[in-house]
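**Q** Take a look at the letters that make up each chain.
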Amino acid sequence: MVTKTSAPASERRGTRAEHVRRLLIHTGLIVFGLIMLYPLLWMLSSSFKPTEEIFRDPSLLPGSSVMPGNYTEGWTALQHPFHHYLLNSAVVVAGAIVGNLIGCSMAAYAFARLEFFGKKLFFAVMLMTIMLPIHVVIVPQYILFANLGWINTFYPLIVPKLLATDGFFVFLMVQFIRGLPKDLDEAARIDGCGHVRIFLRVILPLSMPALATTAIFTFIWTWNDFFSQLIFLTDPNMYTVPVALRTFVDSTSQTSWGPLFAMSIVALGPVFGFFLAGQRYLVKGIATTGIK
Amino acid sequence: MSALLQRRRTAPPPSASTLPAATPKPKRSPNRRRRETLAAYGFLLPWFVGLVCITIGPILASLYFSFTDYSLIGDPHWVGLENYQRMLTDDRLHTSLGVTFVYVFVSVPLQLALALALAMVLDRGVRGLPIYRSVYYLPSLLGGSVAIAILWRQIFGANGLINQVLAVFGIQGEGWVSHPDYALGTLIVLNVWTFGAPMVIFLAGLRQVPAMYYEAAAVDGAGPVRRFFTITVPLLTPIIFFNLVLQMINAFQTFTQAFIVSGGTGGPSDSTLFYTLYLYQKGFGAFDMGYASAMAWLLLMIIGGFTAVNFLASKYWVFYGD
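Listed in order, the protein sequences are those of chains X and R.
Just so we're aligned, residue 1 is where the first sequence starts under UniProt numbering, counting upward by one.
Just so we're aligned, residue 1 is where the second sequence starts under UniProt numbering, counting upward by one.
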C-alpha cells in the first residue's frame, strides 16, 4: 500500500530500497505466474514428445526428437478424424452465439427500456433463473428433447439459447443498455422510429461491447461445456470436441499420452485464441458480471 | 445478423415501426403505453417461451418425477416420498454429499484468499499489470474443460509430472489420483488454480477504494496490516460476498473434472464421487430418472439454503458504504 498512498514521496527518497522492493515483487509475481502456467506449457511440450519421454522428463524442451507425429496419430485415433469433431463443435458454438445474441438482446431491450405490466416480477424471475442448477431441469429437458426427436442433434444445445435461457447475458445487457443515454431513444422516437427500429438502429449498435462480451463468453462456455453435450450427443457421428476427447481417454490406455495431449492442445487452441483476441472484453466482462 | 433480427421481429407484434409514429406527446398517452406494453411482450416472446418450456416446465416436471419411479420406458409411476426416503439410507449419496462439501468448503476459501492476496499485490501499481492479470486469469478460462481434466489426470498420476519433480528431490510420490486419500485433493488444487476470475473482480473492487482513506490512515500512523483490516477488507466486503456466493454455487455443481479424472466412476473408492456425478450415474447411467430428479431437488435446496444463509449472514459482515 506504500506506493499507492505516498508514491511521489517515495520516488524522491530511497530510490535504492524502492528498486529492490519492486524487483522482489516482480520476481515473486513472475515465479508464481510460471508455476501457474507450467502445467499448460508442459502439456504443450509433451504433445511433441514420444510417450516414454513424457514419463521420464519433466523439462519443457523436447529432448531427442520432436514428434509432430503425435498430432497426426491423435487426429485419426478415433472413429472420425478430429476435424469432424471440431466442425461439430464449431456448429454448436456458432448456433449458441447467434442464439444468445438474438434472444438475450431482445429480452434485455424490453427489460431495460420499456414499461409494461409485470416487469418487476419477470425481471426477478429472470434473475432467479441465473442461480438455477442445470441438474434440476436436465432430466425433464432430456425427456422433452427425446420426445421431439432431438437427441443426437444440435437443437438441444442451440434452441434454448435463442429462447434467452442464459439469464446471465440478459442481465449483462440490461445493465449495459440502462447505462446508455435515454435521449437517443427519444430523439429517434421523435424522428418517427418505433421500438423495433430503435432496438435495431440505436440500441444494438451502441451495445457492441456487451454483445462482444456475450459472444466471447458464449464461445468459451459452449466450447468447454461437457455436461449437456455428454447427455444430448451419444452418437459418435455427432460428438463435439469435449465428448470426443473423453472417449479418447477411455479408449486409449496410459501408453498414448502424446497423441492425447496433442488433441487436448487442439481442443484448447480456439479458447486460447479468443483469449488473446478478446482479453479486453473478457476482463471487463468478468469484472462487471463475475462470469468466468 | 440484423437482417435475421428484422425477419424475426416483423411478424409477432403489429409493431409501431411500420406505422407512422403517433404525434409525439410530452406525457405518455394510454395509447402509447398500450403500444409499449405490446412491443415489450413482443421482445420478450422468445424469453417467455424459453422460460415456460425450457425452465419452469422442466422444474415442475422434475418436481413431479421426484415423486415417481420412472425409467423412461413406460409411464412414471407415483411412489410418493419413496425417493426421498431412499436418500436417507443411500450410503453412496451420503458419501457424495461429503465429498462435495469438503470440496466446496476447502477449495472456495483457498481460492478466494489467493485471489485477494494477488489482487492486493497487483493493485499496488505494479508495472505490467495487464500481463500478470492475463496470465493469472488464463487458467480460469480453461479450468473447466475436458482437456485440462485430462492434463490433471496425468500430472497427478503415478508417473505424472508431480512425481517426476518430486523424484528430482529424491522423494517417491504416490499415484495421487488413484489414492483415495489424495484424489479429492488434486481436484481441490485444480479449483484453486482457477483463482483468476475472482481475482479480476477483486481488482476491480480495489480500484473503487478511495486513495485518500489510505492517506488519512497513513497520516494517523496505521501500518499496512492495520490499513488492510480497517480499510481494505471492510470496503471490499460486498465484493468478497459476491465472489463467495458465486464460487460456492459454481463449486457445488462441479462435474467435468471429477468425471474425467475418475473415468466417470467417482473413484478411487468413491473419493471423488461428486454429488452431480452421482446424479448423472443415477439418471443417465441407470436411467433412474425419479431418483435423479429427487437428487436434483436436494441439490437445489442445498444451494438455495447456502445462498440464503450467505445473504442472511451478510447483514453482519458485509459493509455497504454510503
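Possibly wrong hints are sitting among the right ones.
What the hints assert, rightly or not - Interface residues of chain X toward chain R, partial, derived using beta-carbon atoms under 10 Å: (1) Ile30; (2) Leu180; (3) Leu184.
To be verified - With beta-carbon atoms standing in for the labels, derived distance ranges: (4) Leu127(X) to Leu63(R): 33 to 43 Å; (5) Pro224(R) to Tyr38(X): 25 to 35 Å; (6) His19(X) to Trp317(R): 16 to 26 Å; (7) His19(X) to Glu174(R): 23 to 33 Å.
It is worth saying that the hints were derived from the structure and are not from the lab.
Here a beta-carbon is modelled for each residue, glycine too, at the ideal position from N, C-alpha and C.
**Q** With reference to the structure, classify each hint as holding or not holding.
**A** Evaluation of the provided hints:
no.: 1; hint: Ile30; in the structure: holds (8 Å)
no.: 2; hint: Leu180; in the structure: violated (16 Å)
no.: 3; hint: Leu184; in the structure: violated (15 Å)
no.: 4; hint: Leu127(X) to Leu63(R): 33 to 43 Å; in the structure: violated (21 Å)
no.: 5; hint: Pro224(R) to Tyr38(X): 25 to 35 Å; in the structure: holds (30 Å)
no.: 6; hint: His19(X) to Trp317(R): 16 to 26 Å; in the structure: violated (39 Å)
no.: 7; hint: His19(X) to Glu174(R): 23 to 33 Å; in the structure: violated (44 Å)
Against the hints set out earlier in the document, violations occur for numbers 2, 3, 4, 6, 7.
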